[in-house]
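First to last, the sequence lines map onto chains P and R.
Numbered per this note's numbering, the first sequence spans residues 1 to 557.
Numbered per this note's numbering, the second sequence spans residues 558 to 911.
If you're looking for bench data, these hints aren't it; they were derived computationally from the structure.
Remember, predicted model here, so these are calculated numbers, not experimental data.
Treat the hints with caution; some may be incorrect.
As the list claims (entries may be wrong) - Which residues of chain R face chain P? A partial, calculated answer using Cβ under 10 Å:
hint	residue
1	Pro599
2	Ile622
3	Val661
4	Val670
5	Leu740
6	Arg753
7	His790
8	Glu803
9	Lys885
10	Pro886
For every residue, glycine included, the Cβ atom is placed at its ideal position computed from N, Cα and C.
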Amino acid sequence: MASDTIALGIADPDARPIGERLHDWVVTVDHKKLGILYILYSLFMLVIGGVEATIMRIQLIVPHNHFVSPQVFNRMFTMHGTTMIFFVAMPILFGFGTYLIPLMIGTRDMAFPRLNAFSFWMTAFGGLLLYFSFIGGNGLYGAGNAPDVGWFAYAPLTSRAFSPGHSTDFWTLALLVSGIGSIGTAVNFITTILCMRCPGMTLGKMPLLAWLNLVTGGLVILAVSPLTAAQIMLSIDRYLGGHFFDTQAGGAAVLWMHFFWIFGHPEVYVLIIPCFAFASEIIPVFSRKPIFGYPVMVGATVAIGFISMSVWAHHMFTVGMSSYGNAFFTATTMVIAVPTGIKIFNWIGTMWGGKIQFRAPMLFCIAFLFQFLIAGLTGIMLGASPFNWQLSNSYFVVAHFHYVIVGGILFTVFGAFYYWFPKMSGRMYNDALAKWHFWLFLIGFHLTFDFMHIPGMLGMPRRIYTYEPGRGWDIWNLIITIGVFFQIAGVLVFVGNLLWSLLKGEPAGNDPWDAWTLEWSTTSPPPDYNFAKIPVVESRRPLWDIKHPEDPDWKYE
Amino acid sequence: MKPSEQTRSLGRSIAGIAVLLAGFLLAATLCFGSSPNASQIPSIFKPQSTPADSIFRLSLLVLTITGLIFLIVFSLLAYTVTKYRRRDGDDGREPPQVYGSNQVELAWTVIPVLIVLVLFLATARVIHSIQDAPKPPGTIEVIAIGHQFWWEFRYPALGVVTANELHVPVSDSSNPSPTFITLLSADTDHSFWVPRLAGKTDLIPNRENHTWIDPHETGLYLGQCAQYCGTQHAKMLLRVYVDSREQFDRWVQNEKKPAVVSDEVGEGRRIFETTACLNCHAVSGTVADGHFGPDLTHLMSRTTIASGAAPNTPEQLKMWIQNPDSIKPGSLMPAMKLDEKDLDALTAYLVTLR
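Make the full structure from the sequences, and use the hints.
What follows is the structure in structure tokens.
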């Protein structure tokens, strides 16, 4: 029959000309393809952001270095921060969510497939706008090209008096446009998770990954909206004679800080909660036990979501709030440590009594646990506002949030990558290379970010393109920069492994990890429609129930 | 890879990293210990003033508690990961499936809540003691104004205006003379940070902030702008000279005087007053009354120029006037493009401003 032939053509995409296959990727509304697009886009941006970081670290390797000018250095840290947060961390996590949520809740696609595609392309367009500033940012005044206002772009540096030309406008537009994409994705996540679960999957039987992405979705809507509003207000200031943040005309610099950080702090949780989700899927499988305290994990996540909306001004302890304001935000900041601690204990509880397999995904998750513990403890130090008056805006704070973002987020993302790579590509990665990647990156990470705490405590502020010798900072900066090269080596091994495994990797099979969630019940890679027959589940671990009919989970939940 | 090999290579790698890190630490300590001017390190752990000292003592408490938590959780994690690894000759059976425990969950919720409560109360006390401190009668009042990329210091009660190098008297605990500083900004956000004297406080346009210090020992305390303020944020350095009471009074007497007028350098003064210099700089007792740049009335009483970026010598002054970018690229001081003769005359004039 004619329809059979067509179906066969789709089933074997490799047989078609390359142009047609690329066209497929551009027009696709399939959540799996969009998820992979998100991930590849983010990995590309990760390399760019990494190059920017390397340029900064080479400049700081010795005091009074002349590798780059102050202007270039200031653009580098602005672009590095903006790129890593908005065009690496967020899209890569959205990518995994987009790919995994429908598979894990047993459905065929997201609730709004076309909104899904729209969101991805908006995010991609945002990144393009940001990088177009290198070419187009000169504007009429010949001043500046890429933005140099810092990733949180404090007023009034962004006003026309201090930032002529268009570089700040490209920054504003990039965030505005990608923010629309983020909100689209969040709406899609929430709707999909609430409305499209397979029969039998009540909210209490969802995989934790779905639960945590549900909370993330809510946070994105609450957090990104004020940022978008602030970008519009900034554009009104710059082009329509507004004075929201224009201090020369009576505007309020502190207003911008509030707008930015009411986005900026929940944003940290927007990034880390999906990583908690990866850890909550990977650690049980490689410990061969179910997650310890599932309802508590869900409750702790929801608590983190709520509390995270009330901690933003701990980024502003030095702006001269009253002692009551400082005390309030100290309290909320410390309280959030409680549900976060509960999560760490539950992961330990999951491993306790298990049979831990040190496969690459698990190695990254174990490193994450150690590193996130340290990041949380330095977070408590920064939360004690008087201590913060010393540590804030110093290299200590840079070390702290890189511990969260690299030691916490990037490590779990690498773990997630190795865990789901066989599902996405149908091929197994090279295990030896994955371990090389892990150890090189681990050494580099610790050389760079452990030692970065020290110059901060010795009085070195962040965002300085050079520093004076004789202040006790030199040796630490040297070690920090040496660590960068280990990290670069690790990432090169990772990219090499990715390419080699895509072409030459062993076929992975449907369920290489002997795992328990629904994505492992379909083929690798899954067909366009995910499941030939929509699954019906009875517990949180449907594949466990199938593999152990004598001892199914639903008896105990 | 077999599980046994896995664990062995894991152990080897951990040992390797430990050796590497220890080596770096040793090297670092050696370099650090032999640093010739250790007193110039602006460490937050060497406080010399009450606010910095209260923070230091709070930090010891916080570091102790977080350190203990770290040790306990780290050991627990390390123990779990080693003890429950898959062993050689594993029978391939799944371990007992445990779903959770309410008692355990309750324990690891309540204990952190108690720790947080203790930390919060200790912190709140320090916040109050620093932020709501009363002003004793002997207080010196200073207004600090942040500019791109230098500091203006005004002592309204003493009639003194200076730049970049703050002079304050040492504060004796029996007869305290702390310095209360009002923080303002002329342009973008800045932050006043001298780690050994106090935590940082931002200088924000359209806003008045406050901080205070009461240094216990004379000497030079280094700091710098700690809030990104534009191109030359890095070289917006800050020097606080803590003088003995007599030194401070002498310094104030000198700063209050109008500029020295000397006919020998009349040519240099003419150049200063007929070029763009006077648009931005003031020299009291002369027509120069600009306010965008530092007051130069007693320029030579300062040890540095360009907000600490260069020593205050005639050669550096010349270089600064002729090509500020050679010292501080992106500073707002324009290159004056004088010929050699005028430059010499102008410098000769400036070095008389004591």
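Verification of the supplied hints:
{"no.": "1", "hint": "Pro599", "in the structure": "3 Å, holds"}
{"no.": "2", "hint": "Ile622", "in the structure": "8 Å, holds"}
{"no.": "3", "hint": "Val661", "in the structure": "7 Å, holds"}
{"no.": "4", "hint": "Val670", "in the structure": "6 Å, holds"}
{"no.": "5", "hint": "Leu740", "in the structure": "8 Å, holds"}
{"no.": "6", "hint": "Arg753", "in the structure": "8 Å, holds"}
{"no.": "7", "hint": "His790", "in the structure": "6 Å, holds"}
{"no.": "8", "hint": "Glu803", "in the structure": "29 Å, violated"}
{"no.": "9", "hint": "Lys885", "in the structure": "9 Å, holds"}
{"no.": "10", "hint": "Pro886", "in the structure": "6 Å, holds"}
Consistency note: the structure conflicts with earlier hint 8 alone.
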